[in-house]
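Peer 1: Sequence:
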Amino acid sequence: MKGIYFVTDEAACKGKPLESVVASAARAGVFCVQLREKQTSARVFLKKALDLMAILKPAGIPLIINDRVDIALAAGAGGVHLGQSDMPYAHARRLMGPEALIGLSVETWKDVEEAQDMDVDYLGVSPVFSTPTKTDTKAPWGIDGLKKIRGYSRHSLVA
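Heads up, the sequence shown is in the numbering used here, so the first residue is 3 and it goes up one at a time.
Errors might be hidden in some of the hints.
Below, simulated SDA-like cross-link-like pairs (lysine to any residue); rule was C-alpha separation at most 20 Å, straight line [as the list claims (entries may be wrong)]:
1) K59 with Q118
2) K150 with M3
3) K59 with L103
Since the hints were derived computationally from the structure, they do not count as laboratory data.
Please work from the sequences and hints to get the whole structure.
Peer 2: Right, dumping it as structure tokens:
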């Protein structure tokens with residue numbers, strides 16, 4: 003995995019339609035797009051996923067669905083990103099299949115160590131710095147923490 007891993011945030015779109023922002027990101031050459039919807043219904047989440055698939059699939063850019071394997075499957079997305087409290091990786095892999103991209107958030111060193119035995123496609127190192135957009139996290143890793151993970155882990159990292 004190389005390039006920009008674009009995570010959606012409708013509040014950061016500042017009134018522009020999410021689809022327009024994602025289309026611009028696709029034209030700019032992002033590697034993939036993660037649809038992150040923490041406060042919406044399954045119906046709205048699925049509609050957004052299908053709308054983004056219509057933009058991204060023709061461009062060959064995978065859509066990664068945050069947390070929700072059911073939405074990823076229903077939308078035909080390229081993968082799912084799992085947090086530590088989401089569906090266990092092995093179950094997600096069985097449902098999504100071997101070709102799907104599956105990422106896993108790591109918030110503690112124990113998470114990093116446990117991920118070594120998993121065949122996830124990448125680790126989401128979060129947060130590297132304090133951020134107002136994600137407040138349910140452990141202490142920030144910082145650059146030194148990110149370097150430590152890079153030196154230890156066999157997985158690709160997104161941060």
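Peer 1: Straight-line Cα separation of K59 and Q118 no greater than 20 Å?
Peer 2: Distance of about 31 Å is beyond 20 Å: violated.
Peer 1: Is K59 close enough to L103, meaning Cα to Cα at most 20 Å?
Peer 2: 14 Å, holds
Peer 1: Does the structure keep K150 and M3 at a Cα separation of 20 Å or less?
Peer 2: 19 Å, holds
Hint 1 from the list above is the single one not met by this structure.
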